[in-house]
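A.B. asks: In this text, residue positions in the sequence shown follow our numbering: the first is 1, and each later residue adds one.
Hint data in this document are derived by calculation from the structure and do not stem from the laboratory. Each residue gets a CB set at the ideal place from its N, CA and C atoms; glycine is no exception. Heads up, some of the hints might be wrong.
[Said to hold, decoys possible] Below, simulated DSSO-like cross-link-like pairs (lysine-lysine); rule was C-alpha separation at most 27 Å, straight line:
{"no.": "1", "residue 1": "LYS576", "residue 2": "LYS19"}
{"no.": "2", "residue 1": "LYS246", "residue 2": "LYS228"}
{"no.": "3", "residue 1": "LYS354", "residue 2": "LYS22"}
{"no.": "4", "residue 1": "LYS19", "residue 2": "LYS206"}
{"no.": "5", "residue 1": "LYS72", "residue 2": "LYS37"}
{"no.": "6", "residue 1": "LYS60", "residue 2": "LYS246"}
{"no.": "7", "residue 1": "LYS522", "residue 2": "LYS22"}
{"no.": "8", "residue 1": "LYS37", "residue 2": "LYS291"}
{"no.": "9", "residue 1": "LYS229", "residue 2": "LYS552"}
{"no.": "10", "residue 1": "LYS522", "residue 2": "LYS19"}
{"no.": "11", "residue 1": "LYS166", "residue 2": "LYS228"}
{"no.": "12", "residue 1": "LYS137", "residue 2": "LYS37"}
{"no.": "13", "residue 1": "LYS246", "residue 2": "LYS176"}
{"no.": "14", "residue 1": "LYS552", "residue 2": "LYS19"}
{"no.": "15", "residue 1": "LYS300", "residue 2": "LYS354"}
{"no.": "16", "residue 1": "LYS552", "residue 2": "LYS427"}
{"no.": "17", "residue 1": "LYS472", "residue 2": "LYS427"}
{"no.": "18", "residue 1": "LYS246", "residue 2": "LYS44"}
{"no.": "19", "residue 1": "LYS166", "residue 2": "LYS72"}
{"no.": "20", "residue 1": "LYS135", "residue 2": "LYS354"}
{"no.": "21", "residue 1": "LYS472", "residue 2": "LYS22"}
[Claimed, not checked] What follows is a set of in silico ranges between Cβ atoms, one per label pair, in the way DEER data are often shown:
{"no.": "22", "residue 1": "VAL170", "residue 2": "ASP41", "range": "43 to 53 Å"}
{"no.": "23", "residue 1": "GLU85", "residue 2": "ASP41", "range": "33 to 43 Å"}
{"no.": "24", "residue 1": "VAL249", "residue 2": "THR412", "range": "27 to 37 Å"}
{"no.": "25", "residue 1": "GLU560", "residue 2": "SER347", "range": "47 to 57 Å"}
{"no.": "26", "residue 1": "MET38", "residue 2": "PRO488", "range": "47 to 57 Å"}
{"no.": "27", "residue 1": "THR412", "residue 2": "GLY224", "range": "39 to 49 Å"}
{"no.": "28", "residue 1": "GLU491", "residue 2": "SER347", "range": "31 to 41 Å"}
{"no.": "29", "residue 1": "GLY431", "residue 2": "VAL583", "range": "54 to 64 Å"}
{"no.": "30", "residue 1": "GLU560", "residue 2": "LYS291", "range": "53 to 63 Å"}
{"no.": "31", "residue 1": "SER172", "residue 2": "LEU436", "range": "47 to 57 Å"}
{"no.": "32", "residue 1": "ASN579", "residue 2": "GLU68", "range": "53 to 63 Å"}
{"no.": "33", "residue 1": "PHE299", "residue 2": "SER557", "range": "38 to 48 Å"}
{"no.": "34", "residue 1": "SER172", "residue 2": "GLY437", "range": "50 to 60 Å"}
{"no.": "35", "residue 1": "LYS354", "residue 2": "GLU491", "range": "16 to 26 Å"}
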Amino acid sequence: MSTEAIKKDILRGGQFLVKETKCEDIFTLEDLSEEQKMMRDSTKEFVDRELWAHWERFEKKDYAYTEECMRKAGELGLLSVAVPESYGGMGMGFVSTMLVCDYISGATGSFSTAFGAHTGIGTMPITLYGTEEQKQKYVPKLASGEWFGAYCLTEPGAGSDANSGKTKAVLSEDGKHYNITGQKMWISNAGFCNLFIVFARIENDKNITGFIVENDPSNGISMGEEEKKLGIHSSSTRQVFFNDTKVPVENMLSTRGNGFKIAMNALNVGRIKLAAACLEAQRRVIGEATKYANERIQFKTPIINFGAIKAKIANMATNCYADESACYRAAKNIEDRIAMREADGNSHQEAELKGVEEYAIECSILKVAVSEDVQSTSDEGIQIFGGMGFSADTPMESAWRDARISRIYEGTNEINRMLVVGMLVKKAMKGHVDLLGPATKVGEELMGIPSFETPDFSELFAEEKDVLARLKKVFLMVAGAAVQKYGPDLENHQQLMLSASDILIEIYMAESTILRTEKNAKRFGEDAQATQIAMSKLYLYTAVDTIIQKGKEAIVSFAEGDEQRMMLMGLKRFTKYTNLPNVVALRTQIADQVAAANGYTFD
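With the sequences and hints as input, model every part of the structure.
C.D. replies: Structure, rendered in structure tokens:
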């Protein structure tokens, strides 16, 4: 990390809404170093050889094969990319850890769940919160794949309300260990893990506490049968029961009552990594669907030539491109923030925790947007395959089933949508993001006379960036008025928060897409980026439609009379195009490029 990169004014989390971002200041997949490209290629080679070539085994609940592949990943060092070198890891930066998570996760949700549970919530809490002794004892084994980790948070009565768990930890009379008793459910990797991160409550503490618990059946640990699930068939998922399980006091993770914070910070990292894990799945589905559409003859022509199929392929590719753009933009922001904190003297642990926490809003945005895109992409993949897509003989139906869980874990998408707005409002109250000033200016603008001048839109994306700036005003108008009306009680108006969140999500995704393409057009030329330009324009067009719908829904639900009329007029003004794009032409251009390449080639 260069000194210049460390010292540059990095936008804080959520500030994309109120501060302009220049395309030169974002990171894209096209910025990967040679080392990162080698890491990506070796990861893809492993996936093609060990996972994609045997995808049927994962559908037949071959848990042993999942474990075998995890061990092979460990031998290749793929489990250790995020682990510091001092504990047997590669110590790679946040972007590189995202990259591995991305490309290792596309062949089967069973393996990607096992990988994510082990490297993320199974290992990371110890590297970030453990004592030096804990890290030296456990992390090297986890990094190499000698041991596997699992994470025990969810309970039958505690899902989204993670801090309401009933599992108890009672200190022994001699003060040397805790006895843990309770039931955990939906525990990924439970069937073959060596170590659990377990959350339990000591006495009547307000918050839960984390513990490192070795998996020893003779120590009061038992398990239920493998869960029967819609998808991720070969991901070992079991209930885990603790009955007076003895845990040495030195195995408490962090401090007493800090478990809820550990869980929440683990979820922040988990959310952006989950988004990354949904990218390669989209690319592979697009590739399989495109190959099929190129080969499938109906009415004496390949079905790829039909406009209805072109529209599907174009929308799938556009969403994937947008998702890549936003994921790697946020990943580099986090990496730069970590480097900046380390340069200021923070430990790596503290720097990474605070770096990710800073962009918790973006992490939730990405979790929602990308998990929903992978679901729609796999759904359209089935549709392109027609009857064959519904057959278990093709990988489309398993992709669709595996994708479904991504909208539930790492916090449901409903929870994450509300977090997006709630966290932004809290940041504003702390003075970390100035929402009041811009929101006040938008209010004044609504009362003024609009300009009827036609701006100069001759430069690439000049109009699109103008539209984006006005979309931000829509959010400030809606959210500002809602906060003014409801104050702290806003969190009880969930449907309104969901609408505001969808507006914010679309702004971030559309802006990330445009900035990526603008940066690449400047260095590679507009002709070389013609299809990416088309995707950027198409994504913005659909984002505007979503924002109009969600903005109107919010306004008519909480504003009345003159205020409602004024805000609806503002919504119309802020979402207006001077030159509407030819949507059919954009989709055709994108689909033709994907068809010619016989798959997605924009990464």
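A.B. asks: Each of the hints needs a verdict: does it hold here or not?
C.D. replies: How the hints compare with the structure:
no. : hint                          : result
1   : LYS576 <-> LYS19              : holds, 21 Å
2   : LYS246 <-> LYS228             : violated, 30 Å
3   : LYS354 <-> LYS22              : holds, 24 Å
4   : LYS19 <-> LYS206              : violated, 38 Å
5   : LYS72 <-> LYS37               : holds, 21 Å
6   : LYS60 <-> LYS246              : violated, 36 Å
7   : LYS522 <-> LYS22              : holds, 12 Å
8   : LYS37 <-> LYS291              : holds, 25 Å
9   : LYS229 <-> LYS552             : violated, 38 Å
10  : LYS522 <-> LYS19              : holds, 22 Å
11  : LYS166 <-> LYS228             : holds, 25 Å
12  : LYS137 <-> LYS37              : violated, 32 Å
13  : LYS246 <-> LYS176             : holds, 9 Å
14  : LYS552 <-> LYS19              : holds, 25 Å
15  : LYS300 <-> LYS354             : violated, 59 Å
16  : LYS552 <-> LYS427             : holds, 26 Å
17  : LYS472 <-> LYS427             : holds, 17 Å
18  : LYS246 <-> LYS44              : violated, 42 Å
19  : LYS166 <-> LYS72              : violated, 37 Å
20  : LYS135 <-> LYS354             : holds, 19 Å
21  : LYS472 <-> LYS22              : holds, 16 Å
22  : VAL170 <-> ASP41: 43 to 53 Å  : holds, 51 Å
23  : GLU85 <-> ASP41: 33 to 43 Å   : violated, 22 Å
24  : VAL249 <-> THR412: 27 to 37 Å : holds, 35 Å
25  : GLU560 <-> SER347: 47 to 57 Å : holds, 53 Å
26  : MET38 <-> PRO488: 47 to 57 Å  : holds, 51 Å
27  : THR412 <-> GLY224: 39 to 49 Å : violated, 23 Å
28  : GLU491 <-> SER347: 31 to 41 Å : holds, 34 Å
29  : GLY431 <-> VAL583: 54 to 64 Å : violated, 42 Å
30  : GLU560 <-> LYS291: 53 to 63 Å : holds, 54 Å
31  : SER172 <-> LEU436: 47 to 57 Å : holds, 53 Å
32  : ASN579 <-> GLU68: 53 to 63 Å  : holds, 56 Å
33  : PHE299 <-> SER557: 38 to 48 Å : holds, 47 Å
34  : SER172 <-> GLY437: 50 to 60 Å : holds, 56 Å
35  : LYS354 <-> GLU491: 16 to 26 Å : holds, 25 Å
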